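J.: Listed below, chain by chain, are the residues.
Protein chains: 2
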Amino acid sequence: MAKEPEQIFQPFTARHLEALRKLVGADRVLADDDANGAEALETYSHDFTEDLRFKPSVAVLARSAEEVSKVLAFATRERIPVTPRGAGTGLSGAALPVRGGIVLSLGKMNRILEIDTDNLMAVVEPGVITEVLQNAVAEKGLFYPPDPASRGSCMLGGNLSHCAGGPRAVKYGVTKDYVYGVEAVLPTGEIVRHGGKLLKNSTGYNLTQLLIGSEGTLAVITKIFLKLIPMPTRKSLVLAPFDSLEKPAAAVAALFQAGLTPSACEYMEREALEAGCRQTSEPNPFPNATAMLLLEVDGFSDAEIDRQLETLSTVLERFGAADMALADSPERAERLWRIRRSIGEAVKTRAVYKEEDTVVPRFVLPELLKRVKSICAEYGVASVCYGHAGDGNLHVNLLKENLSDDAWNSELPKCITRIFEAVRDLGGTVSGEHGVGYVQRRYLPIVYGPAELALMRAIKRAFDPAGILNPDKTLP
Amino acid sequence: MAKEPEQIFQPFTARHLEALRKLVGADRVLADDDANGAEALETYSHDFTEDLRFKPSVAVLARSAEEVSKVLAFATRERIPVTPRGAGTGLSGAALPVRGGIVLSLGKMNRILEIDTDNLMAVVEPGVITEVLQNAVAEKGLFYPPDPASRGSCMLGGNLSHCAGGPRAVKYGVTKDYVYGVEAVLPTGEIVRHGGKLLKNSTGYNLTQLLIGSEGTLAVITKIFLKLIPMPTRKSLVLAPFDSLEKPAAAVAALFQAGLTPSACEYMEREALEAGCRQTSEPNPFPNATAMLLLEVDGFSDAEIDRQLETLSTVLERFGAADMALADSPERAERLWRIRRSIGEAVKTRAVYKEEDTVVPRFVLPELLKRVKSICAEYGVASVCYGHAGDGNLHVNLLKENLSDDAWNSELPKCITRIFEAVRDLGGTVSGEHGVGYVQRRYLPIVYGPAELALMRAIKRAFDPAGILNPDKTLP
Numbered sequence: 050m051a052k053e054p055e056q057i058f059q060p061f062t063a064r065h066l067e068a069l070r071k072l073v074g075a076d077r078v079l080a081d082d083d084a085n086g087a088e089a090l091e092t093y094s095h096d097f098t099e100d101l102r103f104k105p106s107v108a109v110l111a112r113s114a115e116e117v118s119k120v121l122a123f124a125t126r127e128r129i130p131v132t133p134r135g136a137g138t139g140l141s142g143a144a145l146p147v148r149g150g151i152v153l154s155l156g157k158m159n160r161i162l163e164i165d166t167d168n169l170m171a172v173v174e175p176g177v178i179t180e181v182l183q184n185a186v187a188e189k190g191l192f193y194p195p196d197p198a199s200r201g202s203c204m205l206g207g208n209l210s211h212c213a214g215g216p217r218a219v220k221y222g223v224t225k226d227y228v229y230g231v232e233a234v235l236p237t238g239e240i241v242r243h244g245g246k247l248l249k250n251s252t253g254y255n256l257t258q259l260l261i262g263s264e265g266t267l268a269v270i271t272k273i274f275l276k277l278i279p280m281p282t283r284k285s286l287v288l289a290p291f292d293s294l295e296k297p298a299a300a301v302a303a304l305f306q307a308g309l310t311p312s313a314c315e316y317m318e319r320e321a322l323e324a325g326c327r328q329t330s331e332p333n334p335f336p337n338a339t340a341m342l343l344l345e346v347d348g349f350s351d352a353e354i355d356r357q358l359e360t361l362s363t364v365l366e367r368f369g370a371a372d373m374a375l376a377d378s379p380e381r382a383e384r385l386w387r388i389r390r391s392i393g394e395a396v397k398t399r400a401v402y403k404e405e406d407t408v409v410p411r412f413v414l415p416e417l418l419k420r421v422k423s424i425c426a427e428y429g430v431a432s433v434c435y436g437h438a439g440d441g442n443l444h445v446n447l448l449k450e451n452l453s454d455d456a457w458n459s460e461l462p463k464c465i466t467r468i469f470e471a472v473r474d475l476g477g478t479v480s481g482e483h484g485v486g487y488v489q490r491r492y493l494p495i496v497y498g499p500a501e502l503a504l505m506r507a508i509k510r511a512f513d514p515a516g517i518l519n520p521d522k523t524l525p
Numbered sequence: 050m051a052k053e054p055e056q057i058f059q060p061f062t063a064r065h066l067e068a069l070r071k072l073v074g075a076d077r078v079l080a081d082d083d084a085n086g087a088e089a090l091e092t093y094s095h096d097f098t099e100d101l102r103f104k105p106s107v108a109v110l111a112r113s114a115e116e117v118s119k120v121l122a123f124a125t126r127e128r129i130p131v132t133p134r135g136a137g138t139g140l141s142g143a144a145l146p147v148r149g150g151i152v153l154s155l156g157k158m159n160r161i162l163e164i165d166t167d168n169l170m171a172v173v174e175p176g177v178i179t180e181v182l183q184n185a186v187a188e189k190g191l192f193y194p195p196d197p198a199s200r201g202s203c204m205l206g207g208n209l210s211h212c213a214g215g216p217r218a219v220k221y222g223v224t225k226d227y228v229y230g231v232e233a234v235l236p237t238g239e240i241v242r243h244g245g246k247l248l249k250n251s252t253g254y255n256l257t258q259l260l261i262g263s264e265g266t267l268a269v270i271t272k273i274f275l276k277l278i279p280m281p282t283r284k285s286l287v288l289a290p291f292d293s294l295e296k297p298a299a300a301v302a303a304l305f306q307a308g309l310t311p312s313a314c315e316y317m318e319r320e321a322l323e324a325g326c327r328q329t330s331e332p333n334p335f336p337n338a339t340a341m342l343l344l345e346v347d348g349f350s351d352a353e354i355d356r357q358l359e360t361l362s363t364v365l366e367r368f369g370a371a372d373m374a375l376a377d378s379p380e381r382a383e384r385l386w387r388i389r390r391s392i393g394e395a396v397k398t399r400a401v402y403k404e405e406d407t408v409v410p411r412f413v414l415p416e417l418l419k420r421v422k423s424i425c426a427e428y429g430v431a432s433v434c435y436g437h438a439g440d441g442n443l444h445v446n447l448l449k450e451n452l453s454d455d456a457w458n459s460e461l462p463k464c465i466t467r468i469f470e471a472v473r474d475l476g477g478t479v480s481g482e483h484g485v486g487y488v489q490r491r492y493l494p495i496v497y498g499p500a501e502l503a504l505m506r507a508i509k510r511a512f513d514p515a516g517i518l519n520p521d522k523t524l525p
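Line by line, the protein sequences give chains Y and D.
Per the numbering used here, the first sequence runs over residues 50 to 525.
Per the numbering used here, the second sequence runs over residues 50 to 525.
Honestly, the hints are just simulated from the structure, not real lab data.
All figures in this text were calculated on a predicted structure; none of them were measured in a lab.
Yeah, the Cβ is synthetic: ideal placement off N, Cα and C, and Gly gets one too.
Do not rely on the hints blindly, as some may be mistaken.
Stated by the list, open to error - Which chain D residues face chain Y? A few, computed with CB under 7 angstroms, are given here:
| hint | residue |
| --- | --- |
| 1 | H211 |
| 2 | S263 |
| 3 | G308 |
| 4 | F349 |
| 5 | N458 |
| 6 | P462 |
| 7 | R473 |
| 8 | G476 |
| 9 | G484 |
Claimed, not checked - In silico DSS-like pairs for lysine-lysine, Cα to Cα no more than 25 angstroms straight-line:
| hint | chain 1 | residue 1 | chain 2 | residue 2 |
| --- | --- | --- | --- | --- |
| 10 | Y | K189 | Y | K104 |
| 11 | D | K284 | Y | K284 |
| 12 | Y | K449 | Y | K419 |
| 13 | D | K220 | Y | K220 |
| 14 | Y | K284 | D | K189 |
| 15 | Y | K220 | D | K71 |
| 16 | D | K189 | Y | K220 |
Kindly produce the complete structure, drawing on both the sequences and the hints.
T.: So, in structure tokens, the structure goes:
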């Protein structure tokens, strides 16, 4: 297929600014012409991705699908790039306005429209914070499982954009497994609806699933239908030490084969646990272990928990992890979780870093880890690895440490390319839950050939003929 | 957007036949020029959808993705329509070669390529029969849950095409929830791959999920990666009688709210149970009940089953269904399941019929049932309803019975339109698990507006610019 022509955008002018203010109201359009606006544009020029900054010309705070529609139709007509934005907690730069133009914030569309306890469905706007929904449904004995580490600040619209996961995915699945319908606005301004409070749907193409993970490049999601499930009433947490990098993965496979599906199954190499302990000032319970699994089981009765802990202990013993630590109180469990959750922060405060979100078939995770270590050694790059063993999702943190700026800038892309090639060779891909966004695009040809990329570009054109929506994202 | 131009196909000639035989080998190309071929074309001219028949010019039995690629590239070049076909058990006519041309059978691509017990994934070709896979993985203590009624003869490729469901969907989800990767051939002949043995994947557009439910209109799936889960070791089945049409749905909502997720939750109105009993010569256990729920629970220990049965019994009692019958042996359970599974057949041997596959939010299923009965009464059409209460998926069987041919032909489409309008008004859609295919296309504008339909057409064009793949399916 033909190579994509370079997108031609129009410069954003005072006329555009005035037109936008007429379209949606002056109070919802922020620009450099006052102090508040200037501050907002500064905020919207970055997200949680490294230290990247791109300043937009203007920010629009949408209140409704109709406003989103007006803004997008205007942008398509005028050839102005639009970057949709939720909480800006993304790690792949999908919310960065790399071509300037309009940042379209969905943060004010933050209403939980309905928690339907008869159908076990929630209907929400995209700006609802993940944890806010989780708490609201928990009050009704219900459970929305996806729990990205940023759940206290990230928004559900962003969760959909990247198909967010988190530790519970191993038992409960990821964001896509809970979304049963969306309302979304096409770049042309048309509002489309698909699905709803429907657990089965074989009626036309699955627009809902296509939009999940599309990082705001195809449409702007303005309403979301989410499945809820009963909240488990019991859970128990175990930390298991291993004397090799391979045994945890073998143990995970054996757990599933024994009929156990843990509700979390987190992997930490020694350095990761140490970093988490340092960060939280907690003692390291297993200073001599080579690798660790943090395993949670949940259920609805003590008998169910006991059955699972028994299976767990029998299986782990076979892999030399008899000496596991059971968190025997919610407080103790929370302390272990705090260690696990603070690893990312601990690693990132320590040095200039780049985080990769590799995913492979879960049984080959130790092999990936070995290859990562060996590749990093070649390039003189330090690394700390941890992640979701149950999903084969390994977060690889590459650290600059003592490397010179020149060495870091020249060697890092080569090192990452080699890591992704190893990931591909093991049957894996570039991102498990963080997305491709802006910063991983260049690595996509490692895992997709020309046919897949051309097809994805054709899908993009079908949604966004003018190419105004979140340009330079997802596709290389 | 512009109206779709009428597709122009070339007539299939002797030259085409010869070319196809050269492409894939004469033994794999069946045509009218010998007795075997003529018989095959007769078989491929219909599926399980009513009594519809459309004869193809030729059938190609593919053995590999490369052969599929050659056939599709040829068909695109020559503008010959291609209808992919699995077992032909579909109920929406998606496998009918309505424009003649080539039937592309995937039935010979029936290898289970791998059952990976380390990663709990199966890799299969599209022609594997659903039950064959289920049995093969069960031997390893593993479980592939989707179980359409035709599981003994339908093929996994067809299951993907329609996003097949079945009774277990209420706890375990539908086909889309188990597919983590595909290899597929585009109409242009290009082979694309997406996903794999990967439980998380946020890398580019989700081609896998877009292909599921697309009924062979976008690409031909040639390899499938399926998630497996541990096989529950215990289950128990209960038949619960209710004295109203509404109470079963309220009871289902209450069960979920009480923390119970049944592994099956089937609804039968009185006439449906009676039909099933007649068909199987079983006595009707509850001749005076107005409606029935068939409820299954499963798990990994007796304690887990007991806890669930206790919850079940407490909740059902609140809805007047204290008198429930527990199937206290696998044989007794199998007899109840046989009654349930034979309803479809029982209804269809009784009369000329049309089956609709409505789906609504599960709590409004009784309201849908009442509206269906009232609409049918207006048009003098008899109906028998049953289905998956846990999913709000109601199979509505409309029966000709004493209606004249003229009345049946003129009134039925009006009656169906009214039923789908009621479905839409209740937040539902046209098909839960049977698909749109050929026979439901005309009803799609009831649930989708011009924007959704134009977008779906644009997606179709992105995959199939020449429009040769399964024309006149899915979209009106």
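J.: Each hint needs a verdict: does it hold in this structure or not?
T.: Hints, verified against the model:
no.	hint	in the structure
1	H211	5 angstroms, holds
2	S263	6 angstroms, holds
3	G308	4 angstroms, holds
4	F349	5 angstroms, holds
5	N458	25 angstroms, violated
6	P462	18 angstroms, violated
7	R473	10 angstroms, violated
8	G476	5 angstroms, holds
9	G484	5 angstroms, holds
10	Y/K189 - Y/K104	42 angstroms, violated
11	D/K284 - Y/K284	23 angstroms, holds
12	Y/K449 - Y/K419	20 angstroms, holds
13	D/K220 - Y/K220	13 angstroms, holds
14	Y/K284 - D/K189	28 angstroms, violated
15	Y/K220 - D/K71	50 angstroms, violated
16	D/K189 - Y/K220	20 angstroms, holds
In the structure shown, a violation is registered for the earlier hints numbered 5, 6, 7, 10, 14, 15, in ascending order.
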